[in-house]
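2 protein chains.
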Amino acid sequence: MWRVLAVHGFGGLTLRAVAAEMGATTGLLTHYFPSKRALLKHALEVLDRRSADRPRPAAERAGEASGLVMVRATLLDILPLDAESAASNRIWVASWDVALADPELAREHAERYRRARERMAGHIAQAKELGELPLGTPTDDTAAAAQSFVLGLVVQALFAPREFPAERQIALVDEYLARVGDGGTAGE
Amino acid sequence: MWRVLAVHGFGGLTLRAVAAEMGATTGLLTHYFPSKRALLKHALEVLDRRSADRPRPAAERAGEASGLVMVRATLLDILPLDAESAASNRIWVASWDVALADPELAREHAERYRRARERMAGHIAQAKELGELPLGTPTDDTAAAAQSFVLGLVVQALFAPREFPAERQIALVDEYLARVGDGGTAGE
Numbered sequence: 001m002w003r004v005l006a007v008h009g010f011g012g013l014t015l016r017a018v019a020a021e022m023g024a025t026t027g028l029l030t031h032y033f034p035s036k037r038a039l040l041k042h043a044l045e046v047l048d049r050r051s052a053d054r055p056r057p058a059a060e061r062a063g064e065a066s067g068l069v070m071v072r073a074t075l076l077d078i079l080p081l082d083a084e085s086a087a088s089n090r091i092w093v094a095s096w097d098v099a100l101a102d103p104e105l106a107r108e109h110a111e112r113y114r115r116a117r118e119r120m121a122g123h124i125a126q127a128k129e130l131g132e133l134p135l136g137t138p139t140d141d142t143a144a145a146a147q148s149f150v151l152g153l154v155v156q157a158l159f160a161p162r163e164f165p166a167e168r169q170i171a172l173v174d175e176y177l178a179r180v181g182d183g184g185t186a187g188e
Numbered sequence: 001m002w003r004v005l006a007v008h009g010f011g012g013l014t015l016r017a018v019a020a021e022m023g024a025t026t027g028l029l030t031h032y033f034p035s036k037r038a039l040l041k042h043a044l045e046v047l048d049r050r051s052a053d054r055p056r057p058a059a060e061r062a063g064e065a066s067g068l069v070m071v072r073a074t075l076l077d078i079l080p081l082d083a084e085s086a087a088s089n090r091i092w093v094a095s096w097d098v099a100l101a102d103p104e105l106a107r108e109h110a111e112r113y114r115r116a117r118e119r120m121a122g123h124i125a126q127a128k129e130l131g132e133l134p135l136g137t138p139t140d141d142t143a144a145a146a147q148s149f150v151l152g153l154v155v156q157a158l159f160a161p162r163e164f165p166a167e168r169q170i171a172l173v174d175e176y177l178a179r180v181g182d183g184g185t186a187g188e
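For the record, the sequence lines run as chains A and B.
Taking the UniProt record's numbering, the leading residue of the first sequence gets 1, the next gets one more, and so forth.
Taking the UniProt record's numbering, the leading residue of the second sequence gets 1, the next gets one more, and so forth.
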């Protein structure tokens, strides 16, 4: 299912294609997943779990992660920096059209992004406490802006991978963070 | 077609639904649009034309538009600040899944976003000439970052319209631009 979604998107997701990829019958598959929507919902849950189970950045494990280090690690963790994360991002982007037309999936997506902004806001609040960011930095808006920046970079990198190789994506994140650190002084 | 796409997304776009919305027969519609893909391609061309035909910001018409004023106007022009622009954005987001699985549509999208970044880079270069931005501001990266920021904000605002009313979207753009203006000093 993952492979079908990553290559053909939601438009190409059919029970038959997934069954063929698995070497199973369509009948067996429909026993577990009665519809394309059920397949997609499962794919999104798998992505959520993979993301939760992923090893945390070394700095965090060592208890040395400061606020800004975690902001940076969280942003980089989202980006399509390698083939696997490009495939995951491809599936997230594929899910947006379906989710926007489906109240339950839309609510789940809105909730996912809200939680991600809250986690980001926590890192930003910590960065302010640590003196890495000016105290006047607006916590929630900076979190929403950082998440916007990284989601839009995902879209552009998926459409133009040659213009947005991993090094450039990382450099853009670092330029972005340098501005957050500097620009906030106006608000102090 | 526009109404079907804006409400039901690409997943809900059927020739039958569009024919019903038009009060036409499916046969008449298939005469012009043999497939869902042809319908979507036409919708994207209509969006491109609407965008090109849209009245330019008053400052630009008056020849008073400076670089940063145009950067701001361009960013605001993309955002879902009212029902019409939310519907257009809904269609763009709906198109991403199909386009990523379709080489021709993918190339057209990549080209659209490349041109948009180039226009943005032109405004940023002008802002540097006018002394509105530090000369050390990286033109292309700042354009790519601004476009990333606004595309990601579109996605978040579509999923969480109550958390991202027009006023907050505008405030986020203004905070973003304040940082671009301030943060660049490090590069001078």
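Read the hints as simulated data drawn from the structure, not as lab findings.
Certain hints may be false.
What the hints assert, rightly or not - Computed list of lysine-lysine pairs in BS3-like fashion (alpha-carbon distance at most 25 Å, straight line):
| id | chain 1 | residue 1 | chain 2 | residue 2 |
| --- | --- | --- | --- | --- |
| 1 | A | LYS41 | B | LYS36 |
| 2 | B | LYS128 | A | LYS36 |
| 3 | B | LYS128 | A | LYS41 |
To be verified - Partial chain A-side listing against chain B, Cβ under 8 Å, derived:
| id | residue |
| --- | --- |
| 4 | GLN156 |
| 5 | LEU158 |
| 6 | PHE159 |
What the hints assert, rightly or not - A few chain A positions that, by computed beta-carbon distances, are all more than 12 Å from chain B:
| id | residue |
| --- | --- |
| 7 | LEU29 |
| 8 | GLU84 |
| 9 | ALA178 |
Think of the CB as a built atom: it goes at the ideal place given N, C-alpha and C, for glycine as much as any other residue.
Next item on the list: Identify every previously stated hint that the structure contradicts and give their numbers, smallest first.
Entry: 2, 3, 9
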